[in-house]
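**Student:** If you read the protein sequences in the order shown, they are chains Y and H. Position 263 of the first sequence, counting from 1, maps to 263 under the working numbering, and the rest follow consecutively. Position 131 of the second sequence, counting from 1, maps to 1131 under the working numbering, and the rest follow consecutively.
Hints may be right or wrong, so weigh each one.
Stated by the list, open to error - Listed next, the stretches of chain Y that the computed footprint assigns to chain H, with coverage defined by at least 3 CB atoms under 8 Å from CB atoms of chain H: (1) 152-163; (2) 299-312.
To be verified - Dumping the calculated DSS-like pairs for lysine-lysine here, alpha-carbon to alpha-carbon at most 30 Å: (3) K369/Y to K254/Y; (4) K1369/H to K116/Y; (5) K1003/H to K336/Y.
Simulated from the structure, these hints should not be mistaken for lab results. Keep in mind the model is a prediction, meaning the values are calculated, not measured. Backbone N, C-alpha and C fix where the C-beta goes; we use that ideal spot for every residue, glycine too.
2 protein chains.
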Amino acid sequence: MEKPQLPSGTRDFSPQMMLRRKYILNIMESVFRLHGFGAIETPSIENLKTLQGKYGDEGDQLLFKVLNSGDFLSKANEQFLAEKNSKALIPQIADRGLRYDLTVPLARFVVMNRDKIHFPFKRYQMQPVWRADRPQKGRYREFWQCDIDVVGANSIVSEAELVEMYQEVFQKLNLGIVVRFNHRGILDAFLPVLGSQENWNQFMVIIDKADKIGEDGVVNELNIKNLSHAVDAWKWLCETRKIGDFNQTIQALKSYEPIQNESLNKGIADLQLLCNLLGDTSNVQIDLTLARGLSYYTGCVFEVVVNDKRLPEDFRIGSIGGGGRYDNLTGIFGLKDVSGVGVSFGLDRIYDNLDAANLFPEDLTDAPKLLICAMDHESLVYANNISRELRNAGISNEVYPGAVKIKKQLDYANAKGFGYAAIIGQTEFENGTVSLKNLFSGTQEIVEAKQISSKLNHE
Amino acid sequence: MEKPQLPSGTRDFSPQMMLRRKYILNIMESVFRLHGFGAIETPSIENLKTLQGKYGDEGDQLLFKVLNSGDFLSKANEQFLAEKNSKALIPQIADRGLRYDLTVPLARFVVMNRDKIHFPFKRYQMQPVWRADRPQKGRYREFWQCDIDVVGANSIVSEAELVEMYQEVFQKLNLGIVVRFNHRGILDAFLPVLGSQENWNQFMVIIDKADKIGEDGVVNELNIKNLSHAVDAWKWLCETRKIGDFNQTIQALKSYEPIQNESLNKGIADLQLLCNLLGDTSNVQIDLTLARGLSYYTGCVFEVVVNDKRLPEDFRIGSIGGGGRYDNLTGIFGLKDVSGVGVSFGLDRIYDNLDAANLFPEDLTDAPKLLICAMDHESLVYANNISRELRNAGISNEVYPGAVKIKKQLDYANAKGFGYAAIIGQTEFENGTVSLKNLFSGTQEIVEAKQISSKLNHE
């Protein structure tokens, strides 16, 4: 018999891991709700038409496609089959794909439900997404995104709210972070420097890789792609980035001759309002090189990186969140002039960080308070009745399934972390009592069945 | 521009629907945890090898297959392509499929983690599953199962626990149900009547359809499939089923000559212990015709049907749960002699029933308490500061994003169901106050910013 395996890039979550995941999700959800965000969920399967063309060429390749049911080849083109032309065949044999992110489904949801939604629509969504990427540390093929978006309003109040939500979530999780921000308007201001929109687009793609290839790597790529005339601008960005201080950075932007235009002014005005609205700017930092790859962003962009000394030095798995403003996302589905802004929390990477820094609470447990152990078959009904009464009193407990040897029952209790065992032998059964054992201290006493509840509640 | 659509059989869930789904899930989870069950989750994508051959031929057809990434045709057999042989091609172009239920993944999980698990392993799992079935009322292609299983113990104590969990969940949901039960041993006792294992298997398949085709329909099918010699037994089952009373049914079983054998005795003994262990048998009913299609069941089997007079008469969407004992489930993955028992809750059908009977609590809402409305741009920072302080005090609230016309802001507040609006004009801003409007009564008063929290908490 072959050993069962998991598909590459996917994981099982044990009860212990689930407690920790829920710990993170619950904190997020409490913050989301405190801010008036409501939950939605969308299907895991979307029509490929909905997904394709939204994430760039690379994204299209990383989409998981679902094979059509039944005789899926019946309508397939003979020539494509003979040529083994996989790419051309896809639209003929796969109508659907797996959700790739939560933003495109949100846009589809908003367009399809536009008549029922009260705008501004504040929604959160916490669901898995799938990408056929090469798995590596911190990168999975099935992973969770937790997104918050405000759709149908264009005030920077929303940007400020999202940044504060990042701050509040990570403060509650006790994980040190920095929210980096930038504005597409500032980057757009470099259009005259680049000379054409096409050059500018290429510039964005290249500087978006700066985290991976380094500042000099960007310079090399610019030279290779015939963008040598932008090298000075890039070097200026890198220098100015080092300032760190927001107001000084703004001053530098205002003094850099090549980019003085309307786009810059808009970017600066938005960011100044954003900083004014924030209560705490100690872990918020302007980063002029932050581009965020996705083409739909039009205003502020954000990225969250971990900044916590309790992490091992060699632990580094990229950003744990990001997002930005998009003025035209629903336009791809025919609904124009709906501005939105949203950010994402990467559940799996947050988990990995908390785990590596040992920041999960130690008392996360799903062990019930009490294990009821019947020593003979005849006591099982009695044990079950006690269990039911304790549950009615809100006390979590189990009856060990079967009157097996007491050692086996207590081994289970200890392994799972029960606090108490209520042992029932012939005497206890006849007297309406149990022998209540404290599994931490080892002490044991005879307790009337009806007294167990108050006994446990008082200890 | 084409209108975006959802794939057939899938659904979006709005914030209102999500509140209701979470209401159900939270009740289930609270009961599961009270009984000491821990959560696991498994990937949505499993290797097809793991899934295929586990759900019968029909199941294999209903599996959603995920197309391999990249040049998936490169290794495809030319002849299959030329013949357009879809079925033969599947294993060459699709290595993975979508989760079809939660039981086979559980078996895989147990086998892969056998060294880490403390048996008996009590787990719950609440996740979507996918079946390429024809969608109809109450049947979706993506739907949620909520499963509870006890793996690695063979005591009827576990069966009793699962039945009580059904009772507790539906009592908390305030939905009237009946848990039907039977035992494979009782059905196995009919083997001599059928004459061969093959005949018996066919008999099971046919009587499993009784709910759909009726008693006479079963008789017809038996005749057609050369099982006329079993018609008497079927009629006896239908007659005996009408008794209803458990003890009388057992008496009838013991008096029916053709089935007196070891298998019957085992079935009766198990069911008698089950009924002894249960605290309340008023909504639990033996049903001798209950077969449960899946071949892996070996002991008690269960099915939950709704029995609630508040439902419209024409509302009927089948069972909302079911399960049973399997003595050999992990055997399919090479781990022998692990007995388990489990039942499933069908979230979507439970939802549809509660909805149809109008049984959701009326006060489910995600509207925050307060909307803060700035009437001019200058007040936004002030509004944001108030918002932050109220959140720190645990009061959910929003700042309307942007100082737009007050009517628009109040329309939003009313549509979303806020209780209060804190309106900030020039005067309020200068005096450190807000104009606090009760949106239900319409009354309005000037309140100091610092007093809002205690004001809201006292009303």
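**Student:** With reference to the structure, classify each hint as holding or not holding.
**Tutor:** Okay, the hints, checked on the actual structure:
no.	hint	result
1	152-163	holds (count 7)
2	299-312	violated (count 0)
3	K369/Y to K254/Y	violated (64 Å)
4	K1369/H to K116/Y	holds (22 Å)
5	K1003/H to K336/Y	holds (13 Å)
Of the numbered hints listed earlier, those contradicted by the structure are 2, 3.
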